[in-house]
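Enquirer: Since each chain comes alone in its own frame, lean on the hints to assemble the complex.
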Amino acid sequence: MATATPPSVPIHATPPPRVVGVSWRRVDRVGVALCWAAGLLLCAIAAAIVIFMLIQGLKYLKPSLLTSHPVSDTDQSKTGGFLDPLIGTLLLTVLGTLIALPLGVVTAAWLTEYGRPAWFARAVESGIEIVAGTPSIVLAIFGLLIFQQHVFSFLSFTAQGNAVFGRSFLTAGSMMALIALPLIFGSTREALNAIPAHVREASYALGKTKIATIRRVLLPSARTGIGTGTALGMGRIAGDTAIVVILLGATLQLDPEGSIPALRTLTGTGGTLTSYVYNNSPAGEGNAPQKAYAAAFVLLLMVLALNFAIDAVARGRRTRWSR
Amino acid sequence: MALAGLTRPWTDRRAERTLGAVASIVLVLIATMVVFVLAKAWPSFAHNGLRWFGGGGNVDDQLKAIFNSPADPNKYIYTLHAWPLLYGTALTTFLAVGAGLVFATLAAIFIVEFAPPRARAVLEPVVRLLAAVPSVIYGLIGILVLVKFVGEHLISEGRKASVIYVIQLSGSSLLVAVVILTVMITPIMIAIIVDALRSVPRGWVEGSAALGANRWRTMWTISVRVARPAIVAAAVLATARALGEAIMLSMVSGSVGFAPNPLDGLTFFFEPTRPLAATIVDNAEGLSVKPFGQTIYAFAAVLLVSSLFLSLGGWAAKQPLKRYAVRT
Chain S
11 MATATPPSVP IHATPPPRVV GVSWRRVDRV GVALCWAAGL LLCAIAAAIV IFMLIQGLKY
71 LKPSLLTSHP VSDTDQSKTG GFLDPLIGTL LLTVLGTLIA LPLGVVTAAW LTEYGRPAWF
131 ARAVESGIEI VAGTPSIVLA IFGLLIFQQH VFSFLSFTAQ GNAVFGRSFL TAGSMMALIA
191 LPLIFGSTRE ALNAIPAHVR EASYALGKTK IATIRRVLLP SARTGIGTGT ALGMGRIAGD
251 TAIVVILLGA TLQLDPEGSI PALRTLTGTG GTLTSYVYNN SPAGEGNAPQ KAYAAAFVLL
311 LMVLALNFAI DAVARGRRTR WSR
Chain R
8 MALAGLTRPW TDRRAERTLG AVASIVLVLI ATMVVFVLAK AWPSFAHNGL RWFGGGGNVD
68 DQLKAIFNSP ADPNKYIYTL HAWPLLYGTA LTTFLAVGAG LVFATLAAIF IVEFAPPRAR
128 AVLEPVVRLL AAVPSVIYGL IGILVLVKFV GEHLISEGRK ASVIYVIQLS GSSLLVAVVI
188 LTVMITPIMI AIIVDALRSV PRGWVEGSAA LGANRWRTMW TISVRVARPA IVAAAVLATA
248 RALGEAIMLS MVSGSVGFAP NPLDGLTFFF EPTRPLAATI VDNAEGLSVK PFGQTIYAFA
308 AVLLVSSLFL SLGGWAAKQP LKRYAVRT
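Here the protein sequences line up with chains S and R, keeping their order. Using my numbering, read the first sequence as starting at 11 and increasing by one per residue. Using my numbering, read the second sequence as starting at 8 and increasing by one per residue.
The following block holds chain R by itself, in its conformation from the complex (with noise of 0.2 Å):
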């Protein structure tokens, strides 16, 4: 019977129903996610509740104190004040999208409408090169390169005589980590922001260069708010991103649980840090260790709730494009 119905051809009803299904292995995949994941975190975040996301210690002294916890369950240990970790994601994520959305905004509306044609054909591969470029070779070029430029150069004897009882400054720094992840992020934003000029309407930008404003001035004040949203998706879409580096983060930040200080002036640039999904591969091997898997989940649950809220504000902020027929 069910052989017979396999070897004749599909009734459309049959057919719907077979890829509805297999189209919605997603929606079930996403939420066995956010449930495993979230339920494998929960005892971490029950046992310190809201002071979880707190400051106070020292981060890497309580995951080493959780790795090594006592082998009977009602001894774990699983006291953790994650502020330096959750510091150091945002601390990158904001400062690296904060750039790049800088970045992208120019080298799009060079792109869309200054560039020669050669410039531009050259453009269009460079975009899509530097999008295609795995983190990992980011991180070999950072930590080989950069990090040992930075250093040798830019680091003074003094600068790190100066916070040596509290860190020490080797090259592997905020700074770095920030100029790979603009450079890791900027194409996915340029991507976004070309494809919203190009779709601007015609007779807009016709209309303003007839009222006698230049192409510069067109281009910002038409071009640039028409697609005020798509720089707001492509923003958000780079968060997510950048949120979620891991292994790049993981070579050229310092690895080191520290909150960089901005009061430290041009030192903070120079101070090591270590985000969330850099810290998840840096400790990989304890996943075993019963307290400190949960923990571990624990940051993994973080990223995961915080890229959820990301994609629907990335879905949000596309709305008032659907307007312009812009697909992103």
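Same shape as in the complex, but just chain S (with noise of 0.2 Å):
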């Protein structure tokens, strides 16, 4: 699942010269030319798609979509902007995040340093295999059947008829760091698998428990590895919008349920940036493309800067274990 391709060093250790030979066969010559052609056509789209939404984000963004609630009303200059919206992906990719940084990191900390018994390891490894695998909306319907049941009462509010409704920002949170686990747990374990074996041993030396290993030396060193598996699994729960629509209900403005005042919203339903667009499409009940084109301007910035701003962030702080 991991994108990033860091460069490496190239194949050959003198390049061959860069042209095409005068000699090469006919399909020689095609198969590169198809590779060219393949290589421009991805760059064409990645360009339209990001010129495309530069231009209907300028055009229909104004400054008061970001700060008025959203209104359902028939008349599109009646209802209102996106705030809620914005404020359920913050709250919701936070919460996915809070979920599944604990349980990534500490996974992949077993996996690398202890991974005993040896099966069992193979195990956990292919069951996130499986989990990052497993669509988000069969994760997201299997949330909302578990969270139905009366011991998680507490995470959503009760109908009438003794019900437990089963959506929510906790809920929907839970769920959402199932799809952040992998991203966290990969690059977490790449980086702990980076740094070398003399690191190890020099702490163990000293007298340091392997845990104490773990805490203080090795995963202070693996923060980069972290850090970037974070803002990859950040961008994917604010992307996502299967849970948002079955687990947190998509409605349009954040509706706290409950009596505690900083819990309501938790255990309230809302709607987030993914939902807002997918209602405001022609295939949702909204149909305001112009509010839909703006919010889904917002996200795509969102989404980008958390996978690329890391990066420049981090690139100049990669610990380096010459010695």
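Please keep in mind that the hints were generated in silico from the structure rather than gathered at the bench. Hints should not be assumed to be uniformly reliable.
[Claimed, not checked] Quick list of simulated restraints, FRET-style, between CB atoms:
{"no.": "1", "chain 1": "S", "residue 1": "73", "chain 2": "R", "residue 2": "268", "range": "49 to 55 Å"}
{"no.": "2", "chain 1": "R", "residue 1": "123", "chain 2": "S", "residue 2": "72", "range": "27 to 33 Å"}
{"no.": "3", "chain 1": "R", "residue 1": "166", "chain 2": "S", "residue 2": "72", "range": "38 to 44 Å"}
{"no.": "4", "chain 1": "R", "residue 1": "82", "chain 2": "S", "residue 2": "68", "range": "53 to 59 Å"}
{"no.": "5", "chain 1": "S", "residue 1": "295", "chain 2": "R", "residue 2": "63", "range": "28 to 34 Å"}
{"no.": "6", "chain 1": "S", "residue 1": "77", "chain 2": "R", "residue 2": "20", "range": "50 to 56 Å"}
{"no.": "7", "chain 1": "S", "residue 1": "129", "chain 2": "R", "residue 2": "58", "range": "36 to 42 Å"}
[Said to hold, decoys possible] Here are a few chain S residues that sit away from chain R, every Cβ distance over 10 Å (derived from the structure):
{"no.": "8", "residue": "44"}
{"no.": "9", "residue": "69"}
{"no.": "10", "residue": "90"}
{"no.": "11", "residue": "140"}
{"no.": "12", "residue": "209"}
{"no.": "13", "residue": "231"}
{"no.": "14", "residue": "251"}
{"no.": "15", "residue": "261"}
{"no.": "16", "residue": "265"}
{"no.": "17", "residue": "266"}
{"no.": "18", "residue": "302"}
[What the hints assert, rightly or not] To give an idea of the chain R side of the interface with chain S (calculated C-beta under 10 Å), a few residues:
{"no.": "19", "residue": "29"}
{"no.": "20", "residue": "33"}
{"no.": "21", "residue": "132"}
{"no.": "22", "residue": "226"}
{"no.": "23", "residue": "262"}
{"no.": "24", "residue": "321"}
For every residue, glycine included, the Cβ atom is placed at its ideal position computed from N, Cα and C.
Expert: As structure tokens, this is what we get:
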């Protein structure tokens, strides 16, 4: 799933001449031409998406949209902005990350540093892979099933007739954590694996226990990797729609439920930018493409920032382990 | 006692157990997921038997009948022949993975071998960008731009009239769904294939070059062949992703439980369909109606079991790669 492909050493020590040879057979030339076409097409698609979204975003995004609450109305000029979905996205992303981060880091640390018995370690490893491969729509619908059990009634609200609603920021956040988990786990493990053995041995030689080494030496050294994984995970959470539609209710405004002031929003339903875009597209009920474009533009900016900004920050800070 | 234990530094034994316990949460979760979803879905499968997977009747009418079944548990309606939905899922997935595989392999070869350094510097962020764009944005562009374009310019009136008694062609079609799905899954495949191509042992490549094979030949006959397991693994992972794509497909595929007919010639690509995942999203409001909810969970169960097998398949496909120490 890792889409980052760090520039590595080119295969050829001395690169062969860059020009396609005159003596090449026609088949070979066609092959090279197709490769060029694929590469250029890829760039063209990306450019088209970014430029199109930029134009639509700049055309329809007004500052007032970001600060006003959405209102349900048939007249498009009165439907307000998307402050609530924006808060929803931030809230859900933070919630999901808060759950996924400790889980992913601890699992990765256990797997790389302990990992005994071996069969169990392999099972955990493939378990994470299975979670990564499970469609988010299945996670969402499974979450609904689980959180409608009475044991979890404190996470959402109980309707009349003693039926647990199962939809809230808390329940959606915990399923969102599963989407971010494989990414956080993967990059943490990669970072831990990249730390050479002599660093651990030095720590043991000073009389540190294994767990102390993990906490004081290994995890601090791996924090760039952990940060990158977290950012990727946050981007994934912010961009997911299926869980929001099914587990958060995808309502227009935040609807707090319950009586405890701070927790009311968390146990209530709401919407995010993704569900706002979905509902305002021709596929949803709102059908206000301009609002959808504006919200999608904000969402795209957020997700791309999460994907690229961290990179720039992390670039200079990589710990080097040369002796 | 317990409090004192928390403040003292952990012994290694205890740390190992605690960390291991946290790690096993994932396994518990998967087990719970499989058990709960299958148990909830069981009535739908049990009532229909193997015919659940077969065709017959209009699947949308069947779903409506299930939704409107009487409140008496003994009179619940479960009859469902889900073939159009399964077929729609398979069709979108395989067409997109097939197209994406060719595209991704060529693009990966380009990135690794033929791209000038400057183009490579552009392509890497481009691949990441395409992977990062949320599916709802792909869906939005699809429904507002591509669907409109296909509906207005590519489908002629004659073509619309030719199938009007079966299905209405509006532009929301298999074609748009497959095109966008291909764009969505290609970056995943490119990332994996590039990694594998880069880790082909250098001696082999150099040996081929020394024997006089040109760069394309070397790439095609040595590197791509060595990376074949990675290409399979990439296809498997992409299949899992395409299978589970719900939001984008529900936006652009037309949301009609219709099985596009390849015998219609080109019209086939303009016919609407609706894969399983999109069906779940479209019908999420009905989950509280008991028999209907169970039917929806049956769809989820099919997706869950397929993705379990794909994870297994992906794991198996990646095994030969371990020889070259490729991490995917």
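Enquirer: Looking at residue 302 of chain S again, its CB stays over 10 Å from all of chain R?
Expert: violated, 6 Å
Enquirer: Given a cut of 10 Å on the nearest C-beta pair, is the interface hint for residue 29 of chain R held or broken against chain S?
Expert: holds, 4 Å
Enquirer: Given a hinted range of 28 to 34 Å, is it respected by the beta-carbon distance of residue 295 of chain S and residue 63 of chain R?
Expert: Given about 32 Å between the Cβ atoms, the range holds.
Enquirer: Report holds or violated for the interface hint on residue 33 of chain R, using the least CB-CB distance to chain S and a cut-off of 10 Å.
Expert: holds, 4 Å
Enquirer: Does the closest beta carbon of chain S sit nearer than 10 Å to the beta carbon of residue 321 of chain R?
Expert: holds, 7 Å
Enquirer: Verify the CB-CB distance for residue 129 of chain S and residue 58 of chain R against the hinted window 36 to 42 Å.
Expert: holds, 40 Å
Enquirer: With 10 Å as the threshold, tell me whether residue 266 of chain S passes as away from chain R on beta-carbon distances.
Expert: holds, 22 Å
Enquirer: Over 10 Å from every CB of chain R: does residue 90 of chain S meet that, or does the non-interface label fail?
Expert: The claim stands: residue 90 of chain S keeps its Cβ more than 10 Å from every Cβ of chain R (closest is about 20 Å).
Enquirer: Can the suggested window of 53 to 59 Å be confirmed for the beta-carbon pair residue 82 of chain R and residue 68 of chain S?
Expert: holds, 57 Å
Enquirer: Please check whether the beta-carbon of residue 231 of chain S is more than 10 Å away from every beta-carbon in chain R.
Expert: holds, 18 Å
Enquirer: Grab the minimum beta-carbon distance between residue 265 of chain S and chain R and tell me whether it stays above 10 Å.
Expert: holds, 16 Å
Enquirer: Please check whether the beta-carbon of residue 251 of chain S is more than 10 Å away from every beta-carbon in chain R.
Expert: violated, 4 Å
Violated hints, in rising order: 2, 8, 11, 14, 18; the structure is consistent with all others.
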